[in-house]
Amino acid sequence: MFYLCMVGALVALAHIGYITDKQIAENFEHGVIGTFYVLFILSALRTIATILIARKINVSHISGLVLLLYFLVISVSRLADWAYLAKMEWVYLGIALVFLSELSRNSLFFDNFYFNPTILFVISFLTLILLGTVLLMLPRTTLVAPLSFVDALFMATSAVCITGLTVTDISTNFSVFGQSVIMLLIQIGGLGIMTFTGFFGYFFSGGFSYKNQLLFGEILGENKLNSVISTLLKIILITLFFELIGGIFIFMSLDAAQFASIGDRIFFSAFHAISSFCNAGFSILPEGMSHESYRFNYAFQIAIACSFILGGLGFGTVYNFYTFLRQKAAQIISKLFLRRPYTHKPRAFSFNTRFMLSCNAIVLLLATVSYFVLEQNHTLTEDTTIFGKWATSFFMANSSRTAGFDSVNINMVATPTLIMMVTLMWIGASPGSTGGGVKVTTVALALMNIFALARGKESIEMYKRRIASESVNKAFAIIILSVLTITFSFVLLNFTDPTQQMKALLFEVVSAYSTCGLSLGIASSLSSGGKIVIATTMFVGRVGTLTLLVAFIKNIRNKSYIYPTEKILF
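The opening residue of the sequence shown carries number 1 in the numbering used here; numbering runs sequentially from there.
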């Protein structure tokens, strides 16, 4: 069944992305539909037989029944010639789902692998990038000429690493299929390939082995083994929920007259909802958010901004908000309707949530006010109202941190603003989020440690808690490694592209490392060597320099002795 599904997926892929001749494509379509029905019959027989043998229904059985129902609806729609459901896109989705289910049953469990989980995390991203490169090189991905290997690798890396840097205009040069590939790579890259595959592996196979739980526990940073599955599900559900909410608000902010059909409007909303929540910065607008029809659509910009700010807070923080609101709702219901006392739970917000919210609030406020003050006589002159000026400042200041959307021409901003943008890109978003950078908590810890040393204190104290020295050491290590990586990439770019301005090269490197995506417009004019340098920088920035060092240098041998302590002169 697995190999049949693989063949079916390749047949569908060839029909979507490779065959450009209309007559051959029409003839090939019958083969795709035939493959669909074969997989439908086999999937139905296997699902029914499995339930009869097991005599009980678990998660994998339910997923099989859902697939069976899906296949049945599409089959009836094609036989009855229902216009909307009879489209080939539903057939493609059906083949993809059954292939994913079989892949989950056969290869998403790693009992036979003995990789360090960190190495497996790195390998998964590399695999996804290479797969995305192959898909983006298909003839029907683009409308003009197929991408070269280097350009396809650059675009795939940018999408998987949720950066947003491009070497071609995806709004005009990419087909709907190509844009869909980019959107899928953004979604999987934003969630993390291991999170994505782990979710589907659990859903389609009905459970995790003990070793799987240990593996995913280390990848997700979950210390409690019995919480691994719930954490995995929370990350997926939170992401999909807020992307849905963001998509609805984006859809409502759009002018229906600018779209040929409701389907185009839905696809536009879905693409930007996924791209914004994942802090990817990709847009299918010809000139990005600075397009004349959207430059002053402040409702659209605010919907996008709220989405990428939520995505940049981190899954743990967003979920903590959910638990807080749930407690408040239960409290109100108990008092108003049940007429009984409510049992209060201590610490609705965890220490990390409070710390991250404080850091983000400070950066958000300072960045917005700074942009408003610095750009009064530059890019903000286009906005005629005070609300418009603040909306643009709010959008651009926070997009500079990691989202990468631009509602103004970056080449027109003042030099002090450009320096501020580079700083914000480097700082980035919160840990455990879809954002990049060295993370706002890392910079906050480093600054707090400097003040603690100046005051003669031996440790950092906050919210009546003492920060572990391990966290402080890690913060400084991340900062030093980021500076070294950015410097090394900048030097390499000066060798590969000596004709480019140094300011533009530095801006591009910081944007790539921080997975921000803002650009001064030189990405497409870089040499092949320069594009590979930027692509590598994006990958290192997304995975993390410290993560790469841990993956390949980590030594877990425990020593039973401690050396005498010495102080270094400064």
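To be clear, the hints were calculated from the coordinates, so they are not data collected in a lab.
Every value quoted in this text rests on a predicted model; they were computed, and no experiment measured them.
Heads up, a few of these hints could be off.
[Said to hold, decoys possible] Computed Cβ-Cβ distance ranges for the label pairs, DEER-style:
1. E461 / L365: 17 to 25 Å
2. L126 / K474: 41 to 49 Å
3. G529 / N409: 39 to 47 Å
4. D21 / L357: 54 to 62 Å
[Said to hold, decoys possible] In silico DSBU-like cross-links for lysine-lysine, where the CA-CA straight-line distance does not exceed 30 Å:
5. K464 / K567
6. K328 / K234
7. K474 / K389
Even glycine gets a Cβ: it sits at the ideal position worked out from N, Cα and C.
Hints, verified against the model:
1. E461 / L365: 17 to 25 Å: For E461 and L365 the Cβ distance comes to about 24 Å; the hint holds.
2. L126 / K474: 41 to 49 Å: 24 Å Cβ-Cβ, so the 41 to 49 Å window is violated.
3. G529 / N409: 39 to 47 Å: violated, 28 Å
4. D21 / L357: 54 to 62 Å: holds, 56 Å
5. K464 / K567: Answer holds: K464 to K567 is near 29 Å, not above 30 Å.
6. K328 / K234: holds, 20 Å
7. K474 / K389: Roughly 39 Å between the alpha carbons, so the hint for K474 and K389 is violated.
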